[in-house]
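**Q** Below, each chain spelled out in residue letters.
There are 2 protein chains.
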Amino acid sequence: MKATVLHAPGDVRYEEVPEPEILKSTDAIIRLSASCICGSDLWPWRGIDKPAGPMRMGHEYCGVVVEVGADVKTIRPGQFVVGSFALSDNTCPHCRHGFQSSCVQREFMSGAQAPLARVPLADGSLVATETMPDDDLIPSLLAVSDVLGTGWYAADAARVRPGSTVAVVGDGAVGLMGVLAAKQMGAGRIIAMSRHKQRQDLALEYGATDIVTERGDAGVAAIKAMTRDVGADAVLECVGTKESMFQAINAARPGGSVGFVGVPHGVELGGEFLFFSQKNLLGGPAPVRRFLPDLMDLVLTRQINPGKVFDQELPIADVAHGYRAMDERRAIKTLLRI
Amino acid sequence: MKATVLHAPGDVRYEEVPEPEILKSTDAIIRLSASCICGSDLWPWRGIDKPAGPMRMGHEYCGVVVEVGADVKTIRPGQFVVGSFALSDNTCPHCRHGFQSSCVQREFMSGAQAPLARVPLADGSLVATETMPDDDLIPSLLAVSDVLGTGWYAADAARVRPGSTVAVVGDGAVGLMGVLAAKQMGAGRIIAMSRHKQRQDLALEYGATDIVTERGDAGVAAIKAMTRDVGADAVLECVGTKESMFQAINAARPGGSVGFVGVPHGVELGGEFLFFSQKNLLGGPAPVRRFLPDLMDLVLTRQINPGKVFDQELPIADVAHGYRAMDERRAIKTLLRI
Numbered sequence: 001m002k003a004t005v006l007h008a009p010g011d012v013r014y015e016e017v018p019e020p021e022i023l024k025s026t027d028a029i030i031r032l033s034a035s036c037i038c039g040s041d042l043w044p045w046r047g048i049d050k051p052a053g054p055m056r057m058g059h060e061y062c063g064v065v066v067e068v069g070a071d072v073k074t075i076r077p078g079q080f081v082v083g084s085f086a087l088s089d090n091t092c093p094h095c096r097h098g099f100q101s102s103c104v105q106r107e108f109m110s111g112a113q114a115p116l117a118r119v120p121l122a123d124g125s126l127v128a129t130e131t132m133p134d135d136d137l138i139p140s141l142l143a144v145s146d147v148l149g150t151g152w153y154a155a156d157a158a159r160v161r162p163g164s165t166v167a168v169v170g171d172g173a174v175g176l177m178g179v180l181a182a183k184q185m186g187a188g189r190i191i192a193m194s195r196h197k198q199r200q201d202l203a204l205e206y207g208a209t210d211i212v213t214e215r216g217d218a219g220v221a222a223i224k225a226m227t228r229d230v231g232a233d234a235v236l237e238c239v240g241t242k243e244s245m246f247q248a249i250n251a252a253r254p255g256g257s258v259g260f261v262g263v264p265h266g267v268e269l270g271g272e273f274l275f276f277s278q279k280n281l282l283g284g285p286a287p288v289r290r291f292l293p294d295l296m297d298l299v300l301t302r303q304i305n306p307g308k309v310f311d312q313e314l315p316i317a318d319v320a321h322g323y324r325a326m327d328e329r330r331a332i333k334t335l336l337r338i
Numbered sequence: 001m002k003a004t005v006l007h008a009p010g011d012v013r014y015e016e017v018p019e020p021e022i023l024k025s026t027d028a029i030i031r032l033s034a035s036c037i038c039g040s041d042l043w044p045w046r047g048i049d050k051p052a053g054p055m056r057m058g059h060e061y062c063g064v065v066v067e068v069g070a071d072v073k074t075i076r077p078g079q080f081v082v083g084s085f086a087l088s089d090n091t092c093p094h095c096r097h098g099f100q101s102s103c104v105q106r107e108f109m110s111g112a113q114a115p116l117a118r119v120p121l122a123d124g125s126l127v128a129t130e131t132m133p134d135d136d137l138i139p140s141l142l143a144v145s146d147v148l149g150t151g152w153y154a155a156d157a158a159r160v161r162p163g164s165t166v167a168v169v170g171d172g173a174v175g176l177m178g179v180l181a182a183k184q185m186g187a188g189r190i191i192a193m194s195r196h197k198q199r200q201d202l203a204l205e206y207g208a209t210d211i212v213t214e215r216g217d218a219g220v221a222a223i224k225a226m227t228r229d230v231g232a233d234a235v236l237e238c239v240g241t242k243e244s245m246f247q248a249i250n251a252a253r254p255g256g257s258v259g260f261v262g263v264p265h266g267v268e269l270g271g272e273f274l275f276f277s278q279k280n281l282l283g284g285p286a287p288v289r290r291f292l293p294d295l296m297d298l299v300l301t302r303q304i305n306p307g308k309v310f311d312q313e314l315p316i317a318d319v320a321h322g323y324r325a326m327d328e329r330r331a332i333k334t335l336l337r338i
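Chains A and B, in that order, give the protein sequences.
Counting from 1, position 89 in the first sequence corresponds to residue 89 in the UniProt record's numbering; the numbering is continuous, with no gaps.
Counting from 1, position 262 in the second sequence corresponds to residue 262 in the UniProt record's numbering; the numbering is continuous, with no gaps.
Next comes chain A alone, as it looks inside the complex (with noise of 0.2 Å):
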């Protein structure tokens, strides 16, 4: 089969490799349904971070599972499934208090940009639908993998509450999430941090209340204008960069809560201002599992269409010009019809 291969920064092709095989009795095949480009595809595509040879893209997945290792218990052919992008037995202590993506036995998906992938540890990390869901849903299933997790584990850290004044940094599609999740989560205000009108639309769209258009300095400031000076009960931090993580922290008021789920590239954090900043800060890979059954539940329902996020849609043999779309900012996030 094909499959997407990044071989040097820029340099990203859907080539043929070998057809995935259950390596280990734990292992599942699956047929993907779908597959997306994720903004974290991006830092080894730009070359920020350096792969030491060519890497098998994405991990983003969902679909209908072809072949089971011996192991596997609840996970059965034919079924169809989402999984997290971080994989999990779920059953270890750090998965049983809800961190499943610092499992003893974590790994990450690789290899889902493409018609089949493994997916290891599978009862763990495989959630299966009672039903073949319906084709317009799919797009929001995979979103459900990565990116609407993301920015759900984004809120949840931020501990978002009722009432709550949110605020958002990043406008990619975890970001976007971001946004979805405050609102589900019943916060009173969402002010969503961007500068671009399309993405403004899709925030307002998903229940942002307010847009800040500023950034850095200049944009905390209009946060604390928007708050009588005070700052916001919750900041998601959904972009990684230093001027975004001290975006994020200042934004937030004393005793308020920074979720940061943008991996973070070239930031130092002084152990002085974090302590009279007096802020609390949780973040890391989203433990997607524990979201999982409510989040496929909210889709089934069609209470939430985090699918809209995708904005480009391609067929797979053209995943290199979806690469391209996202790094210059002209797709928000990219399906790959398979």
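Some hints could be false.
Identical copies carry no separate label here, and so any pair may be met within one copy or between two of them.
In silico SDA-like pairs for lysine to any residue, Cα to Cα no more than 25 Å straight-line [unchecked claim]:
{"id": "1", "residue 1": "K50", "residue 2": "F273"}
{"id": "2", "residue 1": "K224", "residue 2": "C92"}
{"id": "3", "residue 1": "K242", "residue 2": "F276"}
{"id": "4", "residue 1": "K224", "residue 2": "T91"}
{"id": "5", "residue 1": "K224", "residue 2": "G98"}
{"id": "6", "residue 1": "K224", "residue 2": "Q105"}
{"id": "7", "residue 1": "K242", "residue 2": "G270"}
{"id": "8", "residue 1": "K242", "residue 2": "V263"}
{"id": "9", "residue 1": "K224", "residue 2": "E107"}
{"id": "10", "residue 1": "K183", "residue 2": "P93"}
{"id": "11", "residue 1": "K242", "residue 2": "F273"}
{"id": "12", "residue 1": "K50", "residue 2": "F276"}
{"id": "13", "residue 1": "K50", "residue 2": "P9"}
{"id": "14", "residue 1": "K242", "residue 2": "E268"}
{"id": "15", "residue 1": "K2", "residue 2": "E16"}
{"id": "16", "residue 1": "K224", "residue 2": "R96"}
{"id": "17", "residue 1": "K183", "residue 2": "L137"}
{"id": "18", "residue 1": "K24", "residue 2": "D49"}
Derived from the structure by calculation, the hints contain no laboratory data.
Given the coordinates of chain A, work out where chain B should sit on it, guided by the hints.
**A** Same frame as chain A, now just chain B:
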């Protein structure tokens, strides 16, 4: 009157100064029932913090009100009061959220190693008792002002819950108060990290269930070994050095929480480290005012005895001996009789 003044590293003197006066209409003047030396007083005494000039020392206080400014409404001369080392109006939005140590009018108390002291923002900072407390309760009431309030905040920020496994980094007075707080909050297991027999004994008396003598990576390994490789649910960081901060973060389980109350000196935290550690972090100067009524009640009803942390008692004229004893760890905490 005489008061404690730091002139240079290692040079602290009890010397003649002007008596404090009402400077603002929201001030009170109190006559201290006792005073004491704080671990944080050692930073400038050791020359690690560099004050611009002679510095009036002391920020922990309780005593009898002798005079109040024209705008003080709730505090009256003759009342016995305890106050927080962080002065606050207790009415601003940050105060109403329980973070009085980030009050918009915040000042830090000073000049309390003296017979008389000026307390700014008296209405917001002071809590009066209904009657004059028994003399033997004075050390414990004094402890509430900072050392107990700070240990309590560490446990609160680390989200200690009934049944939690708690580790306390630092066997100074604040760490010992953190043990007491964790016990009061119902922790199931309290691991005190200490290599000093006398401090271990007091930790055990305050509720520690286990002692770990190792530090740094070895200390983390010991905590892991005691928790089936999981880590602690809650870690109280009560030192403020680079080693203690990493020890605290690494001793917590993923999804666990670190409350850090030692003022950080030379601590830098990498964004990627924090991300993949996936621990809740909250620190800062303790909002003692939030806890003051409850903690005073626990002392007045003799349910807790935080005053036992004072293992040295000196006449205030000998304050310089107290600084040396604490610096050399011959004393956990020094009470100054006035």
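**Q** For every hint, state whether the structure bears it out.
**A** Cross-check of the supplied hints:
{"no.": "1", "hint": "K50 / F273", "result": "between (31 Å within a copy, 18 Å between copies)"}
{"no.": "2", "hint": "K224 / C92", "result": "between (42 Å within a copy, 15 Å between copies)"}
{"no.": "3", "hint": "K242 / F276", "result": "both (18 Å within a copy, 17 Å between copies)"}
{"no.": "4", "hint": "K224 / T91", "result": "between (43 Å within a copy, 18 Å between copies)"}
{"no.": "5", "hint": "K224 / G98", "result": "between (33 Å within a copy, 19 Å between copies)"}
{"no.": "6", "hint": "K224 / Q105", "result": "between (43 Å within a copy, 17 Å between copies)"}
{"no.": "7", "hint": "K242 / G270", "result": "both (12 Å within a copy, 11 Å between copies)"}
{"no.": "8", "hint": "K242 / V263", "result": "both (11 Å within a copy, 23 Å between copies)"}
{"no.": "9", "hint": "K224 / E107", "result": "between (40 Å within a copy, 21 Å between copies)"}
{"no.": "10", "hint": "K183 / P93", "result": "between (31 Å within a copy, 24 Å between copies)"}
{"no.": "11", "hint": "K242 / F273", "result": "both (14 Å within a copy, 14 Å between copies)"}
{"no.": "12", "hint": "K50 / F276", "result": "between (35 Å within a copy, 18 Å between copies)"}
{"no.": "13", "hint": "K50 / P9", "result": "within (8 Å within a copy, 49 Å between copies)"}
{"no.": "14", "hint": "K242 / E268", "result": "both (8 Å within a copy, 14 Å between copies)"}
{"no.": "15", "hint": "K2 / E16", "result": "within (4 Å within a copy, 85 Å between copies)"}
{"no.": "16", "hint": "K224 / R96", "result": "between (38 Å within a copy, 17 Å between copies)"}
{"no.": "17", "hint": "K183 / L137", "result": "within (20 Å within a copy, 50 Å between copies)"}
{"no.": "18", "hint": "K24 / D49", "result": "neither (29 Å within a copy, 57 Å between copies)"}
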